[in-house]
Each structure stands twice: as structure tokens, then as C-alpha cells.
Amino acid sequence: GENVEQHPSTLSVQEGDSAVIKCTYSDSASNYFPWYKQELGKRPQLIIDIRSNVGEKKDQRIAVTLNKTAKHFSLHITETQPEDSAVYFCAAKRGSTLGRLYFGRGTQLTVWP
Amino acid sequence: DTAVSQTPKYLVTQMGNDKSIKCEQNLGHDTMYWYKQDSKKFLKIMFSYNNKELIINETVPNRFSPKSPDKAHLNLHINSLELGDSAVYFCASSQESASFQETQYFGPGTRLLVL
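As they're listed, the protein sequences go chains A and B. Residue numbers for the first sequence follow my numbering, so the first one is 2 and each next one is one higher. Residue numbers for the second sequence follow my numbering, so the first one is 788 and each next one is one higher.
Because the hints were derived from the structure by calculation, they are not lab data. Warning: the hint list may mix true and false statements.
[Unchecked claim] Footprint (simulated), chain A over chain B, 3 or more residues, beta carbon under 8 Å:
1. 875-883
2. 892-900
[To be verified] DSBU-like mimics (lysine-lysine), calculated; alpha carbons at most 30 Å apart, straight line:
3. B/Lys858 <-> A/Lys59
4. A/Lys23 <-> B/Lys839
5. A/Lys72 <-> B/Lys831
6. A/Lys58 <-> B/Lys828
7. B/Lys839 <-> B/Lys858
8. B/Lys823 <-> A/Lys72
[Claimed, not checked] Sample of chain B residues with no beta-carbon within 12 Å of chain A, all distances over it, derived:
9. Val791
10. Met802
11. Gly815
12. His860
All C-beta atoms in this analysis are idealised placements derived from N, C-alpha and C, irrespective of residue type, glycine included.
Whenever a hint applies, use it, and build me the whole structure from the sequences.
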């Protein structure tokens, strides 16, 4: 099956700095890569996703990049704010595998004011 | 108009008891899931149903039994609760039959504490 590794497990940045979280995957057939944000005591919520036919996608301060050859993808948050503090999860999925998302172990991001 | 809802939100019970958690989605999705999130925050898939048919059944003790009475509902029954069952249980749903619509939407979670 797929194996998704996520680094770092914890990340602390100063408000206004950028944050980068990296994930690698093992299954070259994976073609859908979502990122979820989970605030303390809340549910995981999708913040951005990318498919394997695209190399980069942006949504305001958030961007995701995908390198299919190297089998890794990254989340970039610019101009971080204290409300960005949360646990972030990457995931990978094969188009042909009904419903199965493989999650990374999460990154606790803390943004200090 | 909550998309994915779960009941109860909190569940405190004694070891050995049997309990159920219910999940409902009003998104018209065809696939539903149960995840377990332990204290280290790892999201572990337990079960998944597509159109009421079990499609994912991870290595979970058979004390856990899911049931999907229809596409909009997925319940989880747990027999003989153990201390290690204490966790947050999330229900999720997605639409797998339509291309590029497989985003999973999570419910608010059920916080289970076994004493």
C-alpha cells in the first residue's frame, strides 16, 4: 500500500514568516494530494489540494507544489498569522482506489505573535 | 444544515460497556468512513462504506462493528470497551463516483473516554 511521510512533526515560526511542510509518498499511482488543517478540538478541514497533472496551486497565502518524479509535495504558507497555528495533515490517494486516503502523521505548526 | 454530523459529541463510559456512535451526512455522498485519532493526532482509517457496501476494513478488533443502514448514515458500535479505545472518532464522507470530487468532509468528532 501507500506510505506517506510528513516532516517536520513540529514547526514554530514568528508571525509574518513563511512555513513549509513536506511530504513524500511511495505509490507512483497516487494522483490526488489534499492538505487538511485541524485546529485544536476541531475537525480536519481541507485547505488545498492538488492533482498529479498540476505542478503548483495557490490560494491566497497558501500554495502546494508537487514533484511527481521525486514523489514529494509541499505546503507553503506565507505571511503566517497566529490563527494559522494548527495541525496540518498531508494525504495521498490513487484515483482507482475507492475512497482510500493515506494520511501523513501531521505537523503541529505554532505561529508566535 | 451541518454537512456531516455525529452523535454524541462526548462519551464517557466504564470499561466493559457497549456503546454506539452515529453519523449522518446530507451531502448526497456515496462513501462514508470512520477514523480513529489518538492522543498523538494520527488519523487512522478504520472502515469505509460505498453505497452501503463495506470496502475498507482495516486491522480493527472485532469488538468494533460498523453498520450502514443507508448511504447517508454510518454507525459504529463498540462492544466491551477497553481503556485503549479512548480517542476521538471522526466520521467522514466523500463522493467517489464523480471525477475530481473525492474530497473527504469530516464530522465534528466524538470524544470517547473509557474509565
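Going through the hints against the structure:
1. Only residues whose beta carbon comes within less than 8 Å of a beta carbon in chain A count, and the stretch 875-883 of chain B has 3; three or more means the coverage holds.
2. Requiring three or more residues with a Cβ within less than 8 Å of a Cβ of chain A, the coverage given for the stretch 892-900 of chain B holds, as 5 such residues are present.
3. Distance hint between B/Lys858 and A/Lys59 is unfulfilled; the C-alpha atoms sit about 34 Å from each other, more than 30 Å.
4. The straight-line distance between the Cα atoms of A/Lys23 and B/Lys839 is roughly 36 Å, outside the 30 Å bound, and the hint therefore fails.
5. The suggested pairing of A/Lys72 with B/Lys831 holds, with an alpha-carbon distance near 22 Å, which does not exceed 30 Å.
6. Proximity of A/Lys58 to B/Lys828 is assessed by CA-CA distance (about 27 Å); at most 30 Å being required, the pair is judged to hold.
7. Taking the CA atoms of B/Lys839 and B/Lys858, the gap is near 6 Å; set against the 30 Å cutoff, the hint holds.
8. Between B/Lys823 and A/Lys72, the direct Cα distance comes to roughly 27 Å. Compliance with the 30 Å bound is thereby established for this hinted pair.
9. With 12 Å as the threshold on Cβ separation, the claim that B/Val791 sits away from chain A is violated: the shortest Cβ distance comes to roughly 8 Å.
10. No beta-carbon of chain A is positioned within 12 Å of the beta-carbon of B/Met802; the least distance is around 25 Å.
11. Distance to chain A confirms B/Gly815 as a non-interface residue, since its nearest Cβ pair spans about 16 Å, more than 12 Å.
12. For B/His860, the non-interface assignment is confirmed: its Cβ lies about 16 Å from the closest Cβ of chain A, beyond the 12 Å cut-off.
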